[in-house]
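Protein chains in written order, with our numbering: chain A, 1 to 340; chain B, 1001 to 1111.
Since the hints were made in silico from the structure, they are not lab data. Fair warning: there could be bad hints in the mix.
Stated by the list, open to error - Partial selection, computed: residues in chain B whose CB lies under 7 Å from chain A: (1) Cys1018; (2) Ala1022; (3) Glu1030; (4) Gly1033; (5) Tyr1053; (6) Arg1075; (7) Asn1076; (8) Lys1077.
Said to hold, decoys possible - Computed list of chain A residues with no C-beta within reach of chain B, every gap over 10 Å: (9) Arg67; (10) Leu122; (11) Ala147; (12) Pro248.
Cβ coordinates follow ideal geometry from the N, Cα and C atoms, glycine included.
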Amino acid sequence: MELFDRYLKCVGALLPSAHKGDILEELSDDIYSQAEDKQAELGRTLTMDEQSAILKSLGHPIQVALRYRNLGQRQLISPLLYPAYVFALKVMFAFICIAQIITTIVIVASGGNPGQLITMFLNLPRALFFVFAWVTILFAVFDYLQAKMGWIQEWSGKWNPADLPVIRADKPPHAIQKVVQLVMAVAFLVYLLLAQHLPYLFFGPAAAMLDPGPSWHLLYWPLVAFVAVGIVIQSVALLRPVWRWFAPASEIAMNIIGLVLLRLALKLPPYFVVPHGAVDPTKFVKMAAIVNQSIFWSIFGISIGLAIAVLLDGWKLFLKIRADASGGRPASARPTYKML
Amino acid sequence: MTPTENIDSLRLELRRGCLILAVLAQLRAEHYGYTLRKALADQGMAIDEGTLYPLLRRLETQGLLESEWREENKRNKRFYRLSPRGKDVLEQLLDEWNNINASLNLILQEA
């Protein structure tokens, strides 16, 4: 029975999200019905080898999932390779973006002109497009060759169900974890409240050499309010765990508010200014420029990351709502494997 | 491709062409996936689950089948049967099958 569950979990991971529950339920019923018939024929429970034989007759999890993905569609890259293709694209895009950020910081730190930075960012879409084109071509060629030569068919024909990964139970976050997160959020709020009287806590060594810019106060209180609201939300999630929609919806809302705050932060420069009465203002002017540029572009990068997170979380929430709405079948009873 | 592989491939193509008709005909009575597969296999139309379930899903999407989840023996099973449209389509396909059969018989007699 555990082998069947491992198999179904592997198939499930590769199925399209629409109707995944139904497909798995049907497959599960088929597998367990076969097992029960065989068991009734033999008059005893099945051995691991006999269970494996049932699963081998079904096929490798990839092949089974592929049949449900490939219903009459024709693609440049088959569903068999599509997950690997998307992963490769993500990795390459992330690599290009990180390389761009590092190059930006280096240019800023070495006093490069803004024109260079603008040119570099304008070239970013072109670089991403070339990466997309090359990754797509390579995967399309590989897919064509593997279909012709049957590489993946041959590999999947030799699989052993006993090698399927063991299921680790997905534990929801323990209450203690949530309490720790709440305590840390409260600690951060206290830190923020102290920082307005002790700038070193907030600005670190820069507080000794530069003065905060004139507009920090515009961001400070909204940031404090943001953290306070986050504490309230975490408390509600801890006290009302049955409100299943609350956590994902509030996370998206907080991310959106975070984006608004970051947008506000992008309008604040200069973040640091030369202190009054500085002995060698020229040195401090250059230092302030470098620090301000670094902070600006860091906030910019975080904004992009947060915007992507909002889109992804929104998409996951949409899929969850759609999956819950497409019910109409009885609550799933766990399949029973009758032990003689 | 060896001659044996060639024959197997052609045989598979021939059977694939008849599969939909066999499934629709068998679903004149209600079945769930496993019993449908067993019923077809008992009558000489063995079909693996990897082919059957996606096919049932496709036929349902096309409006030829109706399905309903019911709990039986402590497991949820999806029961399929022909929809009214499915019955019409089955009649039309049966006519087509009989025509093809008749034509083939003529061709084979001449040969």
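Going down the list of hints, with the structure as the test:
no., hint, in the structure
1, Cys1018, "violated (19 Å)"
2, Ala1022, "violated (18 Å)"
3, Glu1030, "violated (15 Å)"
4, Gly1033, "holds (5 Å)"
5, Tyr1053, "holds (6 Å)"
6, Arg1075, "holds (5 Å)"
7, Asn1076, "holds (5 Å)"
8, Lys1077, "holds (6 Å)"
9, Arg67, "violated (5 Å)"
10, Leu122, "holds (46 Å)"
11, Ala147, "holds (15 Å)"
12, Pro248, "holds (27 Å)"
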